[in-house]
Amino acid sequence: MSAKSAKMRTTYREAIRAAIREALLRDERVFLMGEDVGRYGGCFAVSKGLLAEFGSERIRDTPLSESAFVGAGIGAALGGMRPIVEIMTVNFSLLALDQILNNAATILHMSGGLFNIPLVIRMTTGGGRQLGAQHSHSLEGWYAHIPGIKVLTPATLEDARGMLWTALEDPDPVLIFEHGSLYNMEGEIGGDAGAVEISQAALRRPGSGVSLITYGGTLGKTLQAAEVLEADGISAEVIDLRTLRPLDTRTIIDSVTKTHRAVIIDEGWRSGSISAEITARIVENAFYELDAPVARVCSAEVPMPYAKHLEEAALPQVTAIVAAARQVMGRHG
Amino acid sequence: MPSLGADMEAGTLVEWRIRPGDGVKRGDIVALVETEKGVIEVEIFASGIVDSILASPGEKVPVGTVLATIRVEGEPAEAAAPSEKKPPEVPKPAAPAPEAPAWIAPIREARTARPLASPVARRRAEESGLDLSSVTGTGEGGIITLADVEGAPSRIEEKAKRSLATADQLTAMRRAIAAAMTRSKREIPHYYLATPIGMSRAVAWLREVNLGRPVTNRLLYSVLILRAVALALRDFPEMNGFWLDGAFKPGSGIHVGIAISLRQGGLVAPAIHDVDKKDLEELMRSILDLVNRARTGMLRSSELSDATITVSNLGEQGVETIFGIIYPPQVALVAFGALTEQPWAENGMVGARSVIMAGLSADHRASDGHRGGRFLSAIDRLLQEPEKL
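The listed protein sequences derive, respectively, from chains A and B. Count along the first sequence from 1, add 47, and you get the number used in my numbering. Count along the second sequence from 1, add 84, and you get the number used in my numbering.
Be a bit skeptical, because a hint or two may be false.
[As the list claims (entries may be wrong)] Among chain A residues calculated to face chain B with C-beta under 8 angstroms, some are:
1) L98
2) E331
3) F334
4) Y335
5) A370
6) Q374
7) G377
[Claimed, not checked] For the chain A half of the interface with chain B, some residues (derived, Cβ under 7 angstroms), not all of them:
8) H307
9) E336
10) L337
11) D338
[Unchecked claim] Pair ranges (Cβ atoms, derived):
12) B:G225 to A:L72: 55 to 61 angstroms
13) A:R297 to B:E99: 46 to 52 angstroms
14) B:V299 to A:T296: 44 to 50 angstroms
15) B:L351 to A:T296: 26 to 32 angstroms
Source of the hints: derived by calculation from the structure; they are not laboratory data. We treat Cβ as the ideally placed atom computed from N, Cα and C, and that holds for glycine.
Using the sequences provided together with the hints, build the complete structure.
In C-alpha cells:
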C-alpha cells in the first residue's frame, strides 16, 4: 500500500487546514483573509501555522469589519485572484450581507455576464458550545435562498478536506458553512483525500423505513438516531445534503420514494427554513409516495440560550429525532 | 324477501339503504339483495315510515321472509288500534325522520367520511382496485398506510374470495336457468311459429332518422322491433301475462323482458316497463341502461320479477331463426334472428330485401297457433310503417 492511499488520522479542523494549504500551494492566486487568521491562527485555530509558511501577503489579518473585507474579497476576485475569506461566525456575516447579496451574488447578472466573482467565503455556524445567541445561530438556510451563490455544508472529514478546492474552481461565489461543533471531530481519512464533487447529496446510511434528511452539524446526531432506531426495528436511511444550494432534489425524492416517509433535521429555526423548502419539494415531487406527513426536527424558535441545559433543549437532539421518526412510522409510546 | 325470479328460493341481504324512522315512498330502493343473478336493488311497494328492520346484512333468508316493516301514513307505531278517548300517539305523518339517537351519530359520520389514507396508500389502493373503506388503518390516528393496503391480506384474499364468489354465483345462475328451463319444457306445451319480416322500410327510415343524430344518440333496429312487439300485444293480450294455478292471468302492463347475455356467462331477462307507452327515444335509453346495469349486476327487483313476455335477439350471432323456451310463468317469447339481405318476391318481382325472421314460442294453454300467427303478422305490419312506431 502506498503511503499516499494509507489512511491517516485527522480532525475536521486539520482537514480544512490541509485543504487551504493545498490550495495555497497549487494556485498562487489563492490567499486567505479574515479576522485573526494570521498571527492568532484563526479563532477556531483552522489557519494555525499558515502565516509562518505562506507569509502575510497570502495569510492576511483584517480589521473587524466584515463588510469591508468581504467587499475586498469581491474586488480581489474581480481582479483575477482566488480569495478565501473567513468570517468568524454566521451571525457576523450579516454585517457583510449587503456585499454577499448585492454584490457577490448579483454582479454577474448586473454586468450582463461580463464579471464573475470566483470568491469563497468560509464561516462557522451553529450552536452547542455555549457561545450565546450572537455566535450560535444556523443561518445557512437564509443564504440558500439567494440565487447566484452556492451554499456548502461539509459534515464529514472528506468533505472538509475536499469541498474547498472544488469551491475555488467554481467561477461564482461559494459559501462554506463549517459547524463549530465539528472542528474537533476526529477520524480516519484516505492519505490521498482531495477534491470532491459538490453537486450531490450523499447517502450516509441506507435504510428502507424512513428517510432522515440532514446536513452539517446534525449529521452525527442523525446517524446516532438511526442506530437507536435500528435497535428498535426501524430501518432509517440518512441523507447528508452536503449542498443546500443548489439542492439535490433528485436524491431526496429517490429516497422518499423508497421509504415513503421523511424526517428533516435542521438546526435552523423551523419557520421559513431550508427544512421548509425540502418539505415543499417532497410534497411537490413525491406527494403520492408519502405514507405519513413529513416531520421536522429543528431548533426551538428562540435566540440560542447560553445556559447549557437550555441550549441543549433548544437544539435538535438524538431523542427528538428518534421520536419524530417513530411518529412517522406510526409507532406510539 | 321478494322473489326476484321464478325460481329464486332465497336471497342474501347485502345492504340496507334505509334505517328505522326513514320516510320511504313507493319505488324507493331500500336494500341490496344478492341472488344468483347478481346484486339486485330492492324497491319498496308502499309509502310510509320504516318501523323496524328485521334482517341484517349478510343474512341469507328464504323468499317471503319479512325483512323490515313499514307503517303507512297515519298508522300508529304499534299495531294496537288507538282507543277513541285516549289521544292516539300517532306520530305526525309529515314529521321528518326522528333524529338519530346520540349513539348512532358517530357511526353515520364514520360511514360517510372519506377514509383517511396516506397519499401512497390511496394511490396503491387505486392501482390494485382496493376499496379503502374495507381497509383498517393502523397508522397514526387510524390512518390507512401503505402497509395496510399492501400487507393487508384483504387484497389477495378478497380477490380470491371474489373470484370464488363469482364462480359460485355462476354455478348458481346456471342452476337457476336449468331449473326454469326444465320447468318450462316440463309444464308448458310450446308451439312454435316463424315468419320472415321485410325490414327494408324500417332500415331505410332508421338510416334517415339517424343521419341527424350524434353517434351516441342513434336508434338501433332492435328498438323498433321491441316497440312493434309491444304495440302488437295490445291486440293480443293472451300473449302478455302469466299462466298461474291453471289459468291465464293477463299482465298488468306490457313489460317486456329483454334477454341479456352476461359477459361472465349466464343470462338474465329484466323487464322494461310499459314498453307500449314509451317512445323510441325513451326505449333506446332504457335498453342501454338495462344492459349496462345487467352487466354490472345492479338490476331492480321489479325488473326481474314483472316481465310479462320476453323478447330475445340473437341476430348478432348471425342466427337466422330462433325458437326460444318460454320463461315461466310467462306464456310467450318472441325471438328475432339476424337482419340479412334475402331475395324477396313482391308484386311478381324478385328483389333483394333486408329480412328478419321472427320466431314465436307460445304456451298452447293460453293461446292457439291461429292467434299466434296473427300476432306475428301484426308485428310485421307495424314494422312496415316505422314512422308510426
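Going down the list of hints, with the structure as the test:
A cut of 8 angstroms between beta carbons decides the hint on L98 (chain A): the least distance to chain B is about 57 angstroms, and the hint is violated. The closest approach between the C-beta of E331 (chain A) and any C-beta of chain B is roughly 12 angstroms, which is over the 8 angstroms cut-off, so the hint fails. Given hint, F334 (chain A) at the interface with chain B, holds; its Cβ is 5 angstroms from that chain's nearest Cβ, closer than 8 angstroms. For Y335 (chain A), the interface hint holds, the least distance from its beta-carbon to any beta-carbon of chain B being 5 angstroms, beneath 8 angstroms.
Interface hint at A370 (chain A): violated, since its Cβ lies 13 angstroms from the closest Cβ of chain B, which is beyond the 8 angstroms cut-off. Of the supplied interface hints, the one on Q374 (chain A) holds, with its beta-carbon coming within about 7 angstroms of a beta-carbon of chain B, less than 8 angstroms. Because the closest C-beta pair between G377 (chain A) and chain B is about 4 angstroms apart, less than 8 angstroms, the hint holds. This hint holds: H307 (chain A) has a C-beta 5 angstroms from the nearest C-beta of chain B, less than the 7 angstroms allowed.
Of the supplied interface hints, the one on E336 (chain A) holds, with its beta-carbon coming within about 5 angstroms of a beta-carbon of chain B, less than 7 angstroms. Because the closest C-beta pair between L337 (chain A) and chain B is about 5 angstroms apart, less than 7 angstroms, the hint holds. Interface restraint check for D338 (chain A): the shortest CB-CB distance to chain B comes to about 4 angstroms, inside 7 angstroms, so the restraint holds. At roughly 60 angstroms, the beta-carbon separation of G225 (chain B) and L72 (chain A) lies within the given 55 to 61 angstroms, and the hint holds.
In this structure the supplied range 46 to 52 angstroms holds for R297 (chain A) paired with E99 (chain B), their Cβ-Cβ distance being about 48 angstroms. One distance hint, 44 to 50 angstroms for the beta-carbon pair V299 (chain B) and T296 (chain A), holds here, with the actual separation near 47 angstroms. The given range of 26 to 32 angstroms is broken by L351 (chain B) and T296 (chain A), whose C-beta atoms sit roughly 58 angstroms from each other.
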